[in-house]
Structure formats: structure tokens, C-alpha cells
Amino acid sequence: MIGVGLTVIFGVMRIINMAHGDMVMLGMYGSFWAFTLWNIDPFLSILLWVPAAFLYGLLIYRFLLKKIVPSGELNTLLYTAGLSLFIANLALLIWTGDYRTIKLDYALMPLRPLGIAVPIPLAVAFGMAIMITVALYWFLVRTPTGRAIRATSQEPEAAALMGVDVDRMAVITFGLGTALACGAGVLLAPSLYLYPTVGEILVAKCFVIVVLGGLGSVPGAIAGGVLLGLVESLGAVYVSVPYKDAIGLVIFLLVLLFRPSGLFGVGKS
Amino acid sequence: MRKILPAALILLLLAAPWIIAKPFLVHLMIMVLLWTVLGASWNLLGGFTGQVSFGHATFLGAGAYTMMILYLKLGLDPWYGIVIGGLVAALIALPIGYLCFRLRGPYFALSTLAVAEIIRLIALNWESLTAGPVGLLITTLPRVTFWGKAINWESKTPFFYLAVIIALAALLATAVISRSRLGAYLLAVREDIDSAEAIGINTVQVRVAALSLSAFFAGLAGGFYALYLRYIDPDAVFSIALSVEMVFIAVVGGLTTVAGPLIGAVFLVTLGETFREHFLVGHLIFYGFFMMLAIRYMPEGIWGKVRLWIKKPATLGNSS
Amino acid sequence: MSLLKLSGLTKFFGGLQAVSELSFEVQAGEILGLIGPNGAGKTTAFNLIAGFISPSAGEILFNGENIGGMKAYAVTRKGIARTFQIVKPFKKLSVLENVTLAAFLRFPARREAEAAAGRILEKMGLGSKLPALAVDLTLSEQKRLEIARALATDPKLLLLDEPMGGLNPTEIDQASKLVRDICRGGVTIIWVEHVLKAIMNVSDRVVVINYGKKIAEGTPEQVVKKPEVIAAYLGTKKR
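Residue numbers (our numbering), protein chains in the order written: chain Y, 1 to 269; chain Z, 1001 to 1320; chain R, 2001 to 2239.
To be clear, the hints were calculated from the coordinates, so they are not data collected in a lab. Every residue gets a Cβ at the ideal spot worked out from N, C-alpha and C, and that includes glycine. One should not assume that every hint holds.
Said to hold, decoys possible - Derived DSSO-like pairs: lysine-lysine, alpha-carbon spacing no greater than 30 Å straight-line:
#, chain 1, residue 1, chain 2, residue 2
1, Z, K1305, R, K2092
2, R, K2088, R, K2078
3, R, K2078, Z, K1305
4, R, K2005, Z, K1305
Claimed, not checked - Here are a few chain Z residues that sit away from chain Y, every Cβ distance over 12 Å (derived from the structure):
#, residue
5, K1073
6, L1074
7, V1083
8, I1177
9, R1230
To be verified - Ranges between beta-carbon positions, derived for each pair:
#, chain 1, residue 1, chain 2, residue 2, range
10, Z, H1027, Y, M131, 45 to 55 Å
11, Y, W95, Z, L1072, 56 to 66 Å
12, Y, M131, Z, R1230, 45 to 55 Å
13, Y, M131, Z, A1169, 52 to 62 Å
14, Y, P51, Z, A1169, 54 to 64 Å
15, Z, Y1098, R, M2001, 30 to 40 Å
16, Y, V134, Z, E1273, 41 to 51 Å
One chain only, chain Y, in its complex shape:
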């Protein structure tokens, strides 16, 4: 999901958003506070946070990013890197660097489908992620706005000629990407440790996924995510545990160098 958000943002606006991981972090914290302060189950608070994130994304784009995009991809990259550092450190200041967790009552007994132990929150998160992904797919393919977004992603000039408000699409897309990331954060919160710099690590993984699947391609991002997960797990078993992250990175490099349009050749290089 995070990957999809990132790839959409890149595809439409050719922004490499280094701050994407921090959106996830914000989502995680959002659900944490909702749970701690108001006792709302994270899987419910997602309904609150996703629209909030969407709005937040809109605002960020409109007021911060919009002026930077024309000055080039590299400048945007640097800018979002700055933004990322800013948000993460702000979070550090406000919420301190202590690790937090969300403990749900029903999380204690894992499910056991097919003999594999799956913790309940992760299972629910997985289920919801699939639902959201399907919904997203439907949105992009069936609704006029969704199609407009895809058109802008493929040929901005042609889309503009056809009457698509490219500017508005960019704003919406950014909001969408942010909402996706945040939503992912909310879903993941019960299963992971929360701390403000989690964004850094996530954004790196996220880029790997997106490049594997092809930048700008939504199904690619999904496939990439699955692939990376598989590679890491298999790598952990067959190569060695600590190097599993390295494997993903090595593949990332190889793809960048030799198949820049992604393993499936559907992305932009």
C-alpha cells in the first residue's frame, strides 16, 4: 500500500517523495494516540485518519511542494528530504524517542491458517489492505477522476489537451498517496514498534518495491511489494538472516542499472 502511494505520486508528478515514510509514521502515531487517548481500535480509527491524511497531503502539496516541482526532480528530491527530516524531528521533539506499542486485547491468540501462525492484527491489516487496494484499483479504473489521474500519469500534455485539470490531478494524487501511506501506518501500528524515525527505514524499502515494480505502475508496486517480501523471507532462510535486507538492496541496484522500467517493464525509467 505504501508502495502504491509512492508510485502514484511519482507517476503523476514525477516527485520522488522522501517524506513518504514519515507519512506512514504519522499514521502510526495517529492510531496510537487515538487508541491511547480515546480508546478507539486502530482498525476503526483508520476511518478518521485516512481522510485527515488526504487533507494533510493536499495542504502539503498546495503550500509547500507546488512551487518546487518546476525546478526539477533533483531539487524536489532534496526538498522532500528536508521535509522528511523536519517532520521526523518534530515528532521526536513532541513525542520523544521512546518506543511505543499498541496492545490490543484480541491480539494475544494468533490465527493458524494452514499451520502458519499469523497474529490477528497482522491478518486484519492484511485483509484491510487488500480491500483498500481493490477499492483503489476500482477508483483508478472505473471513476472519471481515477482515469484522469492515470491519463495525467502517462501523458500530461495530452491529458491537458483533453480538458483534464492537470494541476488539480496533481493535488489529488498527492493527497491520495499520502492517505494511502498514512492508512498503511494506522493498519501496521498494532504490529510494529512505533518510533519517530521509522520513516527513514520504510522509505528505503518502499523505493525498492516501487523500482522493482516499475515507477508509476500501480500493479507493479503491488507485485513489487509481494516480491520483496518473498525475497526477504527466502533470503533469510537460505542465505543468512542479517543479509536479507542487503539482498533487496542489491536487487534494487541491479534493476536500476539494467531494467530501469521495472522487472515487468511497465514503469517509466
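Once you have looked at the hints, place chains Z and R on chain Y.
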């Protein structure tokens, strides 16, 4: 312009004995100088040559570990260790350059990030060489005499002067390069790689040279860093955070200028370290904030802006 | 021995054959025009000669040496310079620096490089614009800058890619005179051009390309009468 910089530094050296009285200030100055070197190192590649690297910590770490390993396992004096650290860093820059320079712009940046992370993971796991996550520790520093007086490693003074020397070397190198033919070629590569090739510039060679030189200074800084802190582990010296900080200092200070990294370091490091004394965490918030400010309003950096006011755009043989 | 000799030069881009069995010779001291309809493969041929892409098959002999597949910077060092169809000056650098950079190839010391650059810029009529930023010049001036930059590498062969594009009639005449002057200065020229009047007036010989193949070769007067050439440009008449 050319006269102000050395004059400022000489003033610094003269003021040193007074500054040395307050340990925090000395530490601050040392950090400023260290980050000046790192910023200058990145500037050679990122500013002059226009290749943005997010993995420069690789070279810092390489220098740090080289120095540490040579000292702890072979008893080689840190002085030599630091210089060799720089050379090792310059060496590993060669294959990295040839590999990553096939990519351009943001993709190059991402690839350097990946390389840095891979190396960090290797350092974390190759325990026989690097002692892995446990890190390397110096317990006793060598007995060195300087003009008859034994150096007191406990105080920060010797580190201060060492830092001054390395920083001066880095800035001087940048100045010399910027006025040379290589410096001109770097700017050409930054502006338009195809045009540069068309006028006979071997852009791959030029970029790798820039990376190697840049890596050398980062490696020097790394060796010094290791000596100063006396302890390193993979997360301390190979982290993305360090790479990113280098970028920010160079950009905010002023790309393509010689003094830019110094100004950037003075500004950001002072803010950051002072903040860190009081709040302990989150000091990088300034880095993020000023980076955004810089890209938005001052892409040429603080020093770049200052020079524009004095009406001297960054040109060949003129960047001071 | 001819200065440049193409033998069976061929280039495939995936399944598309951009250049097919292209063969012709260029003698030292002549001006050779390369013409053909859009998409005929002229710029591809240039890119092949200049080293920006490598051939799929065939030879490019420069002074008897096969340079096919050599990298662009190496080709320039051998003595072949090129301009680009859409000018690519070093925008944020000054006019003098643009050309000095090129002069560095033959004069490693800055002072001499700058002096050489200054001389060439004078000849190009840009002597008064040395400190101006490249991005601030008019199109005609930028084109002259591009040529000056190419000349600063002291080439024996100059490849001009549509130097007249976007110029008004007065500028075209000036440019034509410039091309002749350069040739008289000892540089052989191959140029691609769509402004037929100019290229026919100035070239000693012309090669016509269509669909990547050579369809005619000869003096401008000879070539202009050939039915294949007329057909290529105007299409066959259906009356």
C-alpha cells in the same frame, strides 16, 4: 574574497587558546570543522559536478574503519591511519563510481543510497574484520611528541588543531581544483553531459575523479572522527543520517563555492549542537527546515546568495 | 585517401532500421551536404559518426582509422566536432567559458585556452559578448556560440546539424557565408539542413538520404534533377 577566508581562519587559530577554556565551545568548533570537511567533500561531487549522492557516509565509514583497524590490529599511528583511510575511501570510490554513474540525476542519488546501506550491512555482519555491531574501541592513544612536548589526548586541544589542518586542506583543495581545468570540466559535466562529451571531455572519467577526490576527504574526516570519538560502530559511521547531513550542509551553505561548506557547517552545526545540548533530540529539525527554505528561496545557498549580492556569479576560476 | 569514409553503415533501434548500408566519402576541404526528408536518418548518421551511438554494422573510417563505436569524447579528440540540432550551450556559464572549456582540449593551461577561445569568438562575431551568460543570447548568437565551441576543439571535420533552423533570411545568408569561411579556414564540413536553398548554394557535393538509405549523390545541380530525389521530397505525382 580570496583574502578574507585565510584571514578568518588565521584569526580562528589565534583565538583558539582563549576558546579552549570552554570545553563546549571547543567541541563545537571541532564539529564545525569536521562538518566543513564533509560538506566540502560532498560539494566537490554534488556542487561542482552536479551529481547528488546520498551515500557519502560510505567513505566516511571506510576512512573511520581503516584508521581504527590499522591502529588496533597493526599498531599504526593514527596520523598515518587517517591519511590511509582517505586513500582507501578514494579507492573504493572507483568501482562505486563506475557502477553508479551509469545512472543520472535522482536515480544516481538513490543508487548511492542503496550502496551505502549495503556497505553498512556488510560492516554490521563481517565481524572478523569490523567486530560487527559491537564496534571498535580505542582504549589507549599512542604516546606522541610534538616538538618535544607529549600530546595530552585527554584535552580537546590537539583534536582542534588536527581538525583545523584537515579543514584547511579540504578547503584549499577545493579552491585549487575549482580554478583548474578539472574544475572547469566538473562544471561542464554538471551543466550538460552530452555537450561536455561533444567537446572531448571523458565525462565518466571526470565524474569518477570527482567522486574519488570527494571520497578522499570524507575518508580523512572519517578517520579523524574515529580518533576523536575513540569508538565507532556501523550505525554511527555508515548511517544514512550522516550522508544526508553532509548534503544539507553543502546545499544550505552554498554549492559550487569554496567557502560554502564552511558557512553551512558554521550555521547548521552551531544551531544543531546548541540545540542538542538543551533538548537532547530532534536537533536535525533545523537541517530539514533550512533545507526546505534553501531549495525554495536560496538554491545557491547562503554563501551563494551573499556572493550574488557582491555581484560575482559562480564562474570558472572564480569560485572562492 | 578520403578524410571520412562510411562503408555499409547500418543501425538498428530494436526492430527499426534507422540507417541502412550507408556508404559515401568526404574529401578533405569540401563541404558535403546531407539532405533528406524528416526522419530519414540524417541525425542518426551524425550521432554514429560523432560517437554518441555505435553502429550495428559497417565501418566509419576517419583518415583510414575505424572510429565506429568509439565514444563521443574520443571521436572529438581525433578531430571530429559536432553541433546539435537544438543548441546545447552551457547555459549558466558565460560565452567565453563555454568556448574556453572546449579549447581546454588543445590548450591545457587556462590562459592559453581563454586566448584561443577569444580569437574564435571574435571571428564568429561574438567578440563583444564574452562575459554574457549563454542563456541570454539570441538564437542566432547561440548557434554561432555552438559552432565556436565546436571549432575550439580544432577539428579537421565539422558536423553541422541544421544550423539554419529558426533563423530569418538575413541570418541565413550570414550563416551561409560563415560556413564557407570555416571551410576556407581548413575545416571539412558535413552539414544537415532543411533550408534547401542555403545548402544547395554552399555545398560542393550533396548526399540524399531517405529511410536510412542513400538514394542519390552528386553536385547540387545533378542531384536536384534526379527523379528519386524529387519523389522523396514531394511524393510521386498522381495525375
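The hint says 30 to 40 Å between Y1098/Z and M2001/R; measuring C-beta to C-beta, is that right?
holds, 37 Å
Pairwise beta carbon distance, P51/Y to A1169/Z, judged against the given window 54 to 64 Å:
holds, 55 Å
Next pair to validate is K2078/R with K1305/Z; report whether the Cα-Cα distance is within 30 Å.
The hint is violated at about 42 Å.
Within 30 Å, alpha carbon to alpha carbon, are K1305/Z and K2092/R?
holds, 16 Å
V134/Y versus E1273/Z beta-carbon gap, inside 41 to 51 Å or not:
holds, 50 Å
Need the status of pair K2088/R, K2078/R: alpha-carbon distance at most 30 Å?
The hint holds at about 22 Å.
Please check whether the beta-carbon of K1073/Z is more than 12 Å away from every beta-carbon in chain Y.
Fine: 23 Å to the nearest Cβ keeps K1073/Z off the interface.
Holds or violated: the 56 to 66 Å window for the beta-carbon distance between W95/Y and L1072/Z?
Given a distance of about 39 Å, which is not inside 56 to 66 Å, the answer is violated.
Check on V1083/Z being off the interface with chain Y, judged by Cβ distance over 12 Å:
Fine: 30 Å to the nearest Cβ keeps V1083/Z off the interface.
May I ask you to check that R1230/Z keeps its beta-carbon over 12 Å from the closest beta-carbon of chain Y?
At about 24 Å from chain Y, R1230/Z clears the 12 Å cut-off, so the statement holds.
Outside-interface status for L1074/Z - nearest CB in chain Y farther than 12 Å
holds, 27 Å
Assessment of proposed distance window 45 to 55 Å (beta carbons of H1027/Z, M131/Y)
holds, 54 Å
Consistency with the previously given hints fails for numbers 3, 4 and 11, ordered from lowest to highest.
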